[in-house]
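Q: Under the working numbering, the first residue of the sequence shown carries the number 151, and numbering increases by one thereafter.
Hints should not be assumed to be uniformly reliable.
Under the rule of at most 30 Å between Cα atoms (straight-line distance), these lysine-lysine pairs were calculated in the DSS-like manner [claimed, not checked]:
(1) K240 / K219
(2) K566 / K457
(3) K499 / K430
(4) K228 / K293
(5) K262 / K293
(6) K499 / K457
(7) K293 / K219
(8) K457 / K524
(9) K750 / K628
(10) K721 / K628
(11) K628 / K566
(12) K721 / K662
Derived by calculation from the structure, the hints in this document are not laboratory data. None of these values were measured; they are calculated from a predicted model.
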Amino acid sequence: MATLLPSYASCAARMTPGERRFAQRLMEKLEDDYSCWYDVPLGPRQQHPDFVILHPRRGLLILEVKDWKPDQINRIDKTSVSLLTDRGMKQIANPLEQARSYATGVATLLQKDPALLAETGRHQGRLLLPWGYGVVFTNITRKAFNAADLAWVIEPGLVLCQDEMTESVDAEAFQARLWAMFRVTFPCALTLPQVDRVRWHLFPDVRVASGQSPLFPVASTPTESDTPSIPELIRVMDLQQEQLARSLGDGHRVIHGVAGSGKTMILGYRCAYLAQAMTKPVLVLCYNVTLASKLHHIAAARGLAQKVTVRNFHRWCSEQLRLYNVSRPADGEGFAERLVQRVIEAVDKGQIPRAQYGAVLIDEGHDFEPDWVKLVAQMVDPETNSLLVLCDDAQSIYRKGTRRRWSWASVGVQAKGRTTILRLNYRNTAEVLSVACEFAKDVLNAEDAEEDGIPLVSPASAGRHGPIPEFVGRPDFKSEMGFIAERLRIWHEQGRGWNEMAVIYPASFLAKDIVESLKQDNVPFEWLNADRQSRNFNPADNSVKVVTMHSSKGLEFPVVAIPGLGFMPYKTDDPTDEARLLYVAMTRAMDELLITYHRKSAFVERLSEARERLAA
151 MATLLPSYAS CAARMTPGER RFAQRLMEKL EDDYSCWYDV PLGPRQQHPD FVILHPRRGL
211 LILEVKDWKP DQINRIDKTS VSLLTDRGMK QIANPLEQAR SYATGVATLL QKDPALLAET
271 GRHQGRLLLP WGYGVVFTNI TRKAFNAADL AWVIEPGLVL CQDEMTESVD AEAFQARLWA
331 MFRVTFPCAL TLPQVDRVRW HLFPDVRVAS GQSPLFPVAS TPTESDTPSI PELIRVMDLQ
391 QEQLARSLGD GHRVIHGVAG SGKTMILGYR CAYLAQAMTK PVLVLCYNVT LASKLHHIAA
451 ARGLAQKVTV RNFHRWCSEQ LRLYNVSRPA DGEGFAERLV QRVIEAVDKG QIPRAQYGAV
511 LIDEGHDFEP DWVKLVAQMV DPETNSLLVL CDDAQSIYRK GTRRRWSWAS VGVQAKGRTT
571 ILRLNYRNTA EVLSVACEFA KDVLNAEDAE EDGIPLVSPA SAGRHGPIPE FVGRPDFKSE
631 MGFIAERLRI WHEQGRGWNE MAVIYPASFL AKDIVESLKQ DNVPFEWLNA DRQSRNFNPA
691 DNSVKVVTMH SSKGLEFPVV AIPGLGFMPY KTDDPTDEAR LLYVAMTRAM DELLITYHRK
751 SAFVERLSEA RERLAA
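Working from the sequences, and respecting the hints, build out all of it.
A: Here it is, written out as structure tokens:
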């Protein structure tokens, strides 16, 4: 079955009856390797053809779909149509000319990319995929088309008629009608990277920037240049991510995704859309202070700060008490718990209003307690009813005690039937992910759960490869850091930016020795050691980031160094929670991972065994 983007369920309501029938035929009559987009902004000019169909061996087809009946067409020529509608006579563009204009514009755009031009053969220097265009008349049969003498203004071979798209039509005959719309055909076999390049050009909003660069997409405008700066390495959302991002409609939605599966990228896409669509502000919440700061900087850089509020959960609670003049609890032990409870009580009493936001998005929702989710769900305006929760229970590193057992429905999240699981990890190389998963496999065993529950999802690699993670023993911690500083300098000399690297450490008592070592070795760094600095974290600053394992959640770096493994698991901490913590730290590394130790521990032995098993 072909992939329709957005999903049929999410876009059927805005389709005409004929468009719905045609979309159903596309999904039924085309195979899995067809991708079909409905009414998605196309190219830098953001044009809106009805359907775009892409097949790696067939090429690209653009279609306009019309629900016209023969008696509605008063006059037609090669450029325009006089159409009788419920509101009287209307003058509109000839749909074939409309489709032709879209298709030639797309071909011109793609031809500007040398990587999409044929290198040899008859078509050398030309676009390496065929392209075509046509019209679908959902209420005009072929007989009626001929009787109305439409062939003199709309070429018959470029038309699909009502009786050629019925449910009973043979799939091969249906496909033959579509591909007969190509004026020029030739053998074609697009690779996956080439398909991604085509999507990168056609749909700018699915582009993914690398490293610590912005997650929120930049909206294209009609005045934008048709000749974008084309990076050597193209990265786009995969089709599942794109379909999910485009299909997020009103209502509550929960996305379970493994580390590196693009959850935060989808959140950014959704924020950019909601910032334009909502009149009320949009709230983004997460537990991690550093992640909240990163998302805030990115949103501000994209001009979304006026519409999108990004906070870590406890800071948001504190601001709610201050804004509505509710007294804060006294400082001291248990302050965070009492702070949240004070907000809950104030909402129940009406001191803090509900429905403050047009939409609420929760990143890293696995770190939220049930009461927190219940509180936040009440902040969504019932008129919009837009709540999105993204989570990966394998990364629950803040929880205490046994695994939580609660359902989303029990805390006011009505997401049954609107839950999605993302299993592919795109962040890490297969080597980094394999080592991390082999080490933590006892805590990453996938558990079945009801749709409304909280499943633990095991990750699968998307297949990107790189160096095997290094595991280095040294005589003492000072020499660990000396080795790491030397490697950071080497990576920098090889072309890595300082801000592409991070030192992620397991315990606060190591921090001072780490920063002193980096100072002595003249490695520029930013130490995210306190709430104030974490809140000011800017991923664009050209310095190595020094951050705790807890604060690294939600971040990613091409290169990660983890010192002091011999201190894990710490004697007072739960080994399972510590294993999750190390798994999170290791999966921050996109390309290269270095782990050092100077003393033996259970985790040193466990990681050593994991690497040996994988090597074997």
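Q: Output the numbers, in ascending order, of every earlier hint that fails for this structure.
A: Result: hints 5, 11 break, sorted rising.
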